[in-house]
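2 protein chains.
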Amino acid sequence: MEKEQLLMLPGPVPMPERVRYAMMRQAINHRSAEFGAVYADCVRVLKSVFGTANDLFVISGSGTAGMEAAVANFGRDREIACLVNGKFGERLFKISQRYGKAHEVASEWGTPLNLEALEGRLEQGAEVVTLVHNETSAGIKNPAQEVGRLARKHDALFVMDGITSIGGDVVEADSWGVDVAIVGSQKCLAAPAGLAAVSVSSKAWERLCKNPPYYLDLAAYKKSAGGTPMETPYTPAVPLFLALREACLMVEEEGISNRIARHRRMAGAVRAAAGAWGLSLFPTIDGRHEYSNTVTAISYPAGVRDSEMRDIIKKMGIIIAGGQDHLKGKIFRIGSMGAIGAPEILATVAATQYALTKLGYKVQGDGVQAASEVLG
Amino acid sequence: MEKEQLLMLPGPVPMPERVRYAMMRQAINHRSAEFGAVYADCVRVLKSVFGTANDLFVISGSGTAGMEAAVANFGRDREIACLVNGKFGERLFKISQRYGKAHEVASEWGTPLNLEALEGRLEQGAEVVTLVHNETSAGIKNPAQEVGRLARKHDALFVMDGITSIGGDVVEADSWGVDVAIVGSQKCLAAPAGLAAVSVSSKAWERLCKNPPYYLDLAAYKKSAGGTPMETPYTPAVPLFLALREACLMVEEEGISNRIARHRRMAGAVRAAAGAWGLSLFPTIDGRHEYSNTVTAISYPAGVRDSEMRDIIKKMGIIIAGGQDHLKGKIFRIGSMGAIGAPEILATVAATQYALTKLGYKVQGDGVQAASEVLG
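So the protein lines, in turn, are chains D and E.
In this text, residue positions in the first sequence follow the numbering used here: the first is 26, and each later residue adds one.
In this text, residue positions in the second sequence follow the numbering used here: the first is 26, and each later residue adds one.
No wet-lab data here; the hints were simulated from the structure.
Wrong hints could be hidden among the right ones.
No distinction is drawn between identical chains; accordingly, a pair holds when it is met within one copy or between any pair of copies.
In silico DMTMM-like links for lysine to aspartate or glutamate, alpha-carbon gap of 25 angstroms or less [unchecked claim]: (1) Lys72 with Asp311; (2) Lys235 with Glu104; (3) Lys353 with Glu59; (4) Lys355 with Asp331; (5) Lys353 with Asp102.
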């Protein structure tokens with residue numbers, strides 16, 4: 026068996042040993058004060074990283090389960106305006122189609138949201154707006170605050186997928202007017218995959234829909250979380266909760282503002298390397314949105330083939346991401362989420378520079394040096 | 026922090042260290058040959074313990090998610106006859122009410138299924154039958170084979186919750202005519218909580234319903250499992266899959282028939298102790314169903330209070346279960362699922378005997394000796 030690989034993906038991400046080792050404990054009773062305290066620790070810290078005083082629940086399922094819980098509980102039979110400029114926006118649209126009358130408010134992947142079209146939809150009576158805050162498929166961060174203003178102006182519910190921003194970038198769910206926010210465990214929180222957390226505003230509770238999927242029935246989560254001890258309605262994935270608790274305590278110990286600054290520094294180092302190499306970031310930013318601070322998408326130079334480059338890097342023990350769907354072969358993506366620090370970024374930048382050079386691209390300057398200057 | 030407690034519950038159950046330690050690995054990419062091999066190992070062994078050659082998928086969610094996947098994909102808008110003689114039968118009925126026209130075919134908890142009423146429902150056109158094979162809330166095993174015969178006779182789909190029997194008792198899904206069978210990870214498989222596995226027959230695929238919950242869309246599971254590498258459609262709870270793989274390999278190494286024999290011996294030892302004490306098992310069995318081989322329910326003697334007895338046992342580091350809902354205070358339940366062996370059974374029987382005696386019940390004979398004779 027080989028040594029573990031370094032995952033520089035937009036999730037899953039490497040976990041600190043403290044998080045991993047928390048999982049090896051013997052089974053504990055999930056209907057106990059002990060488990061209730063674990064859950065309560067997670068909720069306390071997650072509320073702070075969500076920027077919310079609303080209810081917050083942890084679901085034993087992936088981020089997609091969290092997205093579906095949001096749409097199913099608050100979008101059934103409603104007019105839903107789905108902002109789409111990347112793969113995960115599309116997923117929220119697909120999920121919305123199963124529950125309500127979903128309208129895709131689309132722009133090309135990585136281009137600014139079409140907020141004029143959104144406003145049109147809201148004027149025509151859209152009751153729910155969905156947005157992916159940090160769209161890893163396109164390397165961008167969308168203007169959630171602006172979307173929140175529009176949703177509030179038209180009294181619509183605002184569902185925000187913060188799966189790859191919460192815990193790594195600034196999120197202020199309450200002041201932005203987010204009614205339902207979602208995070209996944211294996212992204213900026215650096216916990217294992219398999220949990221999603223969902224916050225719910227009082228405005229959303231007032232508009233709760235009937236008949237959500239049984240497993241994703243947020244009213245049942247609320248009832249169980251309100252008991253003593255605090256519980257989940259169905260058996261939780263206990264080892265993942267134990268790991269998430271440690272990950273949350275580490276967020277608390279680092280301090281969320283320090284953590285966000287670290288994420289910016291890491292993404293900034295990757296961007297600096299790309300600039301030194303003479304490569305373009307994807308997409309071209311026009312001021313209506315920003316680059317993601319948790320993943321960096323870089324356009325391939327002519328002549329460098331995706332599979333070849335990522336293979337060379339993989340042979341050095343590092344996994345970076347290619348593009349998804351129609352961006353396959355056009356971009357590569359370096360995740361810098363969670364517990365990532367200078368060693369991981371330096372190794373990845375160095376391996377990428379080696380691979381680019383080996384495949385015939387003449388880098389303009391030294392990306393390793395440029396990244397080091399950001400990190401040092 | 027105290028030493029870990031011994032969980033003698035009908036799930037979650039103590040996990041072997043090999044299973045627990047598998048979880049502490051660093052994150053791996055779930056879109057990789059390595060993860061595909063983990064998933065394939067789980068599926069291979071689970072098919073053998075299900076007794077099926079059908080498709081089988083692992084869902085990152087609790088057993089309840091597996092139950093809902095079965096009902097949502099094969100019961101929507103259909104007439105569903107739900108056999109109910111305990112809490113989990115009720116849950117399948119509640120889930121069925123969210124999707125189809127559900128008819129409760131009820132009998133008192135722990136009493137035989139009303140198969141005459143089931144046949145009536147089938148004659149009136151029920152298209153799906155749901156059954157809980159091993160009903161832990163009532164300590165009984167239901168006659169799945171007989172239900173399968175009736176379902177097949179009337180060309181209905183047979184959904185069987187084998188959450189607490191599969192891996193610990195005889196299940197022959199294919200020869201019994203089970204179209205969709207479900208298991209939970211934290212029961213007889215002795216893996217951590219948080220995964221469900223679901224098998225699907227070709228007859229069920231032919232009758233697949235539209236518009237299941239996105240997260241529980243079994244057609245998406247089938248598509249992803251059929252690729253190279255084998256994958257799940259959404260991010261799986263990787264540490265739980267790693268643990269389940271070890272648990273499955275341990276099932277394979279023990280051999281399923283040895284494992285079933287061990288489960289029978291463990292439950293038999295608990296039943297022998299109850300008999301020696303002069304206590305009645307719950308319920309009274311009349312030949313139309315059997316006692317569970319994975320959990321034993323025992324009626325409290327007059328004067329012994331549930332909370333007092335379980336507190337005494339808990340102070341000795343052992344957690345047993347009380348009754349649920351209207352059986353609260355009337356019965357106690359000792360789980361003997363998974364990796365449980367003689368040490369755990371002996372400790373539990375001894376602690377229970379001590380507690381019964383301390384609370385004023387005069388045991389007729391020595392339960393520890395009776396259990397030892399079964400185990401020795």
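Checklist entry - Broken hints, numbered, in rising order? => result 1, 5
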